[in-house]
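Undergrad: Using the hints, position chain B against chain A.
Protein chains: 2
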Amino acid sequence: MIEPVETPVFDTVTILGAGLIGSSIARACQVSEAAKTVRIYDANTDVRARAGKINLGDVCETVEQACDGADLVILCTPVGMIETAAKAAAPYLKRGAILSDVGSVKASALKDMQDAAPENVHVIAGHPIAGTEHSGPDAGFAQLFSGRWCILTPLEGQNEAYNENVSKLSKFWEAFGSTVELMTAKRHDLVLAITSHLPHLIAYNICVTAEDMEQVTEGEVVKFSAGGFRDFTRIAASDPTMWRDVFLNNKEAVLETLGRFSEDLAALQRAIRWSDGDQLFDLFTRARSIRKSIIEAGQDTAAPNFGRRNLEDDSPAE
Amino acid sequence: MIEPVETPVFDTVTILGAGLIGSSIARACQVSEAAKTVRIYDANTDVRARAGKINLGDVCETVEQACDGADLVILCTPVGMIETAAKAAAPYLKRGAILSDVGSVKASALKDMQDAAPENVHVIAGHPIAGTEHSGPDAGFAQLFSGRWCILTPLEGQNEAYNENVSKLSKFWEAFGSTVELMTAKRHDLVLAITSHLPHLIAYNICVTAEDMEQVTEGEVVKFSAGGFRDFTRIAASDPTMWRDVFLNNKEAVLETLGRFSEDLAALQRAIRWSDGDQLFDLFTRARSIRKSIIEAGQDTAAPNFGRRNLEDDSPAE
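Chains A and B, in that order, are what the protein sequence lines are. Count the first sequence with our numbering and you get residues 124 to 441, in order. Count the second sequence with our numbering and you get residues 124 to 441, in order.
For the record, the hints were derived by calculation from the structure and aren't laboratory data. Worth double-checking, as some hints may not be accurate.
All copies of an identical chain are treated as equivalent in the list; a pair is satisfied when it fits inside any one copy or across any two copies.
What the hints assert, rightly or not - Okay, derived cross-link-like pairs now, EDC-like style, lysine to aspartate or glutamate, Cα gap no bigger than 16 Å in a straight line:
1. K415 / D362
2. K415 / E334
3. K159 / E129
4. K415 / E156
5. K374 / D399
6. K294 / E304
7. K291 / E129
8. K210 / E279
9. K415 / E341
10. K210 / E337
11. K234 / D181
In this text the structure is predicted, and so the values were computed from the model without any measurement.
Next comes chain A alone, as it looks inside the complex:
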């Protein structure tokens, strides 16, 4: 749970893009009081109107109005729009301001922001490891980042002022209940390729495979999805634009990870074809242990079935 901080970390925070993450940051700022003022801008008129209606913050009609004098400007757009957004914000960024983002790929975002930002602005890329399968300004909520990690990928070899701003940005995320980890953009992109990008790719892929099975109807897939399939569909419901951009911008690490996955899958396929029960058993036993570690690390619920609703009334003692 977020508690209000003693003193605001920033006077004015500007959020460009009021989707799931942008609107959650706005909500988290309100609850944590980490920013005195929250300004919102979204390129989409309808989203701007909605953001105003649900009181996400001070909704601005132009990028200039939103960025002018802000201490922190966070780009909350799909990765493919970071360049455009950074270029749009650049002329209005005040000296000493922080320019950050929340994209799922960091090397490309960092480069796009650096190329656009003036010299006297601190570019620090960021990525909260949190999200849901829902999109848009109504999907946001204050606790999204609570208990989750936030990775910052600062530039290397910077001066003291820069490093102080990295600390300040860390405090901002910590106010939302996140734990901050610093790493290079390249390392981030490799780690996330396996923990996030590959899982999404596979989830999307199995949905398509299921839909294309002409021997099995979509109705049957839906009916009997509780056998395991439905777990994959949650993340396959994520925003297609966001994920297209992730794969286009983290090509190298994704292809490397995907190559390993396919090799491992081919080995499993072979074990099935040749009825190698021992190999299957050993692999399945290894896979089981990682779940235990994730539960122990507080990164997932130990409740069976993720505590899905239909279990609530009669769940076993844990």
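TA: Below, chain B alone, put in the same frame as chain A:
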């Protein structure tokens, strides 16, 4: 929610194997009153003792004691043990009794039971499409089958007495809140290959791929698993013995489905390599729609993140 039925469907129901499914049937019998007497036998002495301690039913010390005079005997063992269990029960089955099971593969189970059972016993294979990632007698709970499908795969071209027993077994599952669907064993095995077996195989596989990435530590995978990876680990925590048996016994359908999955994945891989954003976007958009159908069919929760605990205190209005 299960309500007690007006009159019991069976006098005596015997459960052979007190794991997740066996113990859940026992619990569901108690709450629904679908059986006057529930008898339990498990080949494992510790499991038998535990089943007695947590009051799953009348725990028997031998298969003979468990099966003698029972109206319905349900084999709740891994698929690879159905043959052994059916052979053990066969000598003690009373004339006109039903012999059923709950295994995830139906053609092999049906054959194993038919081969073992005497002529005057009704062999009707079954498969409740429900489960959690937990195993053992303590994992069971009465509501596991509520709102879920149960597939029965009866033999074809049988007499009236047999068909009446199929209706009776259907009523039994309906008493647990399940909806019963009848299909051939072969069709079941094909449908479940895509809705359950392939998802489990892929979930196991990605866990192994993640563990083997020497550039990324297991600690990092665990820390940042909320990016999507953790969703896969739930079903990869399922019982390795059970799943080994599934793949060994549904080889043909699994290999066919897996072949299609790999082809589709290769196409996605190519789209990433050649930066074909439009193809990625179209595929991701198609995948999204199946989630919607699953929610509408009541087979999953619409709550973001499956309503995982850390969202409970501040979840968005749905």
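Undergrad: So, for every hint listed, does it hold in this structure?
TA: Each hint tested on the structure:
With identical chains, the CA atoms of K415 and D362 are at most 16 Å apart between copies only, with a shortest distance of 13 Å across copies and 29 Å within one. For the identical chains of this complex, K415 and E334 are inter-copy neighbours only, at 13 Å across copies versus 32 Å inside a copy, given an alpha-carbon limit of 16 Å. Within a single copy, K159 and E129 get their C-alpha atoms as close as 12 Å, which meets the 16 Å cut-off; across copies the closest is 63 Å, which misses it. For the homomeric pair K415 and E156, neither the shortest alpha-carbon distance inside one copy (35 Å) nor that between copies (36 Å) is at most 16 Å.
In this assembly of identical chains, K374 and D399 lie within 16 Å of each other by CA distance solely across copies; the values are 11 Å between and 34 Å within a copy. With identical chains, the CA atoms of K294 and E304 are at most 16 Å apart within one copy only, with a shortest distance of 12 Å there and 55 Å across copies. For the homomeric pair K291 and E129, the shortest alpha-carbon distance inside one copy (14 Å) is at most 16 Å, but the shortest distance between copies (66 Å) is not. Taking CA atoms no more than 16 Å apart as the test, K210 paired with E279 passes in neither setting, with 22 Å inside one copy and 69 Å between copies.
In this homomeric assembly, K415 and E341 come within 16 Å of each other (Cα to Cα) only across copies, at 12 Å, whereas the closest approach inside a single copy is 33 Å. Neither within a single protomer nor between protomers do K210 and E337 lie at most 16 Å apart by alpha-carbon distance, with minima of 47 Å and 38 Å respectively. In this assembly of identical chains, the alpha carbons of K234 and D181 never lie at most 16 Å apart, being 29 Å within a copy and 68 Å across copies at closest.
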